[in-house]
Structure formats: C-alpha cells, structure tokens
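Just so you know, we're using numbering that gives the first Met the number 0 here: the sequence shown kicks off at 0 and counts up by one.
Treat the hints with caution; some may be incorrect.
[Stated by the list, open to error] Below, a list of computed lysine to aspartate or glutamate pairs in the EDC-like style, where the Cα atoms sit at most 16 Å apart: (1) 28 <-> 54; (2) 164 <-> 150; (3) 152 <-> 44; (4) 164 <-> 124; (5) 164 <-> 35; (6) 152 <-> 124; (7) 152 <-> 35.
[To be verified] Distance ranges between label pairs, derived from CB positions: (8) 64 <-> 111: 32 to 38 Å; (9) 79 <-> 104: 34 to 40 Å; (10) 84 <-> 137: 54 to 60 Å; (11) 154 <-> 63: 41 to 47 Å; (12) 150 <-> 96: 44 to 50 Å; (13) 80 <-> 125: 34 to 40 Å; (14) 150 <-> 79: 39 to 45 Å; (15) 80 <-> 165: 27 to 33 Å; (16) 150 <-> 97: 15 to 21 Å; (17) 166 <-> 95: 52 to 58 Å; (18) 85 <-> 135: 39 to 45 Å; (19) 33 <-> 54: 45 to 51 Å.
Rather than coming from a laboratory, the hints here were simulated on the basis of the structure.
A virtual CB, placed ideally from N, CA and C, is assigned to each residue, including glycine.
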Amino acid sequence: MWLRAWAEHLRCGPHPLQQVRTVQRPRLKVLFPFLDINTVFDNVENSTLARILREGGIPPYLVSRVSSFLWEWSCTLVFQGAPGTPAAVKVGARQGSQISPLLFLLYAAPLHFRIPQGLMISYVDDLARTAVSHSYRCNIRCLQELFERLEAKALRLGVSLSIAKTEIIH
0 MWLRAWAEHL RCGPHPLQQV RTVQRPRLKV LFPFLDINTV FDNVENSTLA RILREGGIPP
60 YLVSRVSSFL WEWSCTLVFQ GAPGTPAAVK VGARQGSQIS PLLFLLYAAP LHFRIPQGLM
120 ISYVDDLART AVSHSYRCNI RCLQELFERL EAKALRLGVS LSIAKTEIIH
C-alpha cells in the first residue's frame, strides 16, 4: 500500500522547483548532500524485492513474473578463451535490460521517505536530501539523523551508501 502512497506523492506533491524556491527564502541555511548507492544492480535481492512489491500492493501474478525474471538467468565466465560452466545468478538485476532500472527503483523505494522540511530528489542510484533551518548546526544535526535513518534502511535492503562519492553544497 505504501507504493501507491509513494506514487501519489510523486504525482501530487509540490513541484521540486517550488520546493527549491521555498528553501531559498532569506535567512534560511540550506545543506544539500548528494549521496550515491554502491553497486546498484548487483544488490537487488529477489526475495526482498518480492516482499517490497507484495507490501506495496502489487498483484501476486506480477510479483511472480518479476521473481521469475530475476531468477531465470545465468552467467558464464570465460578465462583465457576456455569456456566456463554456466552458473545461476541469484542476486542482482540484469544490466542492460530495460526493466532493471525500474526494478531497482522499486527495490530502493524504502529509501525515499518524507522529510520534515526540505527537498528530496533521486535518480536511480543517486540521492539528494536537504536540511533547511536558521542555523547550520541545526542542519547538521538534522542530516546526521536523516543519514542514520537512510543508512539503516539501506542496510535492511543489502545496499550501502558510498561515503567517498558524497558531496555537500551549502
């Protein structure tokens, strides 16, 4: 059911440009961290995605189709021209498939949650959040709490955030 609420928020929420203009008011301090999720497609775990889809109200026949798409593929490693033996791949989404980015977005949907004040933008494996208040100290506390919450949700999904790729604009 949260999936429908998330889609509704995307459809009816304030336009991002309007949100940016709101936080640009005089005397407000804004911190804008940009985060990156490590090894995006490699970490999509079939049973976790199936659970997320079921909890999101997706019909069972579609959950079954997605699960079979993720389970029914294999990989063959070739070393020095010698053919290898195909091995079943049990974790990850097929890179190059048109549906894999959508599956990852659904998989990562729990990382997209409302924040009290500010802006939240994402594009596949890149996340951007804002902290807005009258002081940078308050923003830093807010971002620390937000990051801890985000990191806990990412850990439950089996993904991690790349600290090395994190940038902050203030």
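Hint check:
Pair hint residue 28 plus residue 54 does not hold up; C-alpha atoms about 37 Å apart against a cutoff of 16 Å. Restraint check: the Cα-Cα separation between residue 164 and residue 150 comes to about 15 Å, which is no more than 16 Å; the hinted pair holds. With a C-alpha separation of about 14 Å, the suggested pairing of residue 152 with residue 44 holds against the 16 Å cut-off. Of the pairs offered as hints, the one joining residue 164 and residue 124 holds, with about 12 Å between alpha carbons and a cut-off of 16 Å not exceeded.
Distance check on the hinted pair: residue 164 and residue 35 sit about 6 Å apart at the alpha-carbon level, within 16 Å; holds. Among the hinted pairs, residue 152 with residue 124 is consistent with the structure: their alpha-carbon atoms are about 14 Å apart, no more than 16 Å. At roughly 14 Å between alpha-carbon atoms, residue 152 and residue 35 fall within 16 Å of each other, so this suggested pair holds. At about 24 Å, the beta-carbon gap between residue 64 and residue 111 misses the expected band of 32 to 38 Å.
Checked against the hint of 34 to 40 Å, the pair residue 79 and residue 104 passes, with Cβ atoms roughly 38 Å apart. Range check, residue 84 to residue 137: about 57 Å between beta-carbon atoms, so the 54 to 60 Å window is met. With their beta carbons about 27 Å apart, residue 154 and residue 63 fall outside the hinted range of 41 to 47 Å. In this structure the supplied range 44 to 50 Å is violated for residue 150 paired with residue 96, their Cβ-Cβ distance being about 28 Å.
In this structure the hint that residue 80 and residue 125 lie 34 to 40 Å apart at CB holds, the actual value being about 38 Å. Look at residue 150 against residue 79: about 41 Å separates their beta carbons, and that is inside 39 to 45 Å. For the pair residue 80 and residue 165, the beta carbons lie near 41 Å from each other, so the given range of 27 to 33 Å is not met. For the hinted restraint 15 to 21 Å between residue 150 and residue 97, the CB-CB distance of approximately 30 Å leaves it violated.
Restraint check, residue 166 to residue 95: a C-beta distance of roughly 28 Å breaks the suggested window 52 to 58 Å. A hinted range of 39 to 45 Å for the beta carbons of residue 85 and residue 135 is inconsistent with their spacing of about 54 Å. Taken as a hint, the range 45 to 51 Å is violated for the pair residue 33 and residue 54, whose Cβ atoms sit roughly 28 Å apart.
In this structure, the earlier hints numbered 1, 8, 11, 12, 15, 16, 17, 18 and 19 are contradicted, and the remaining ones agree with it.
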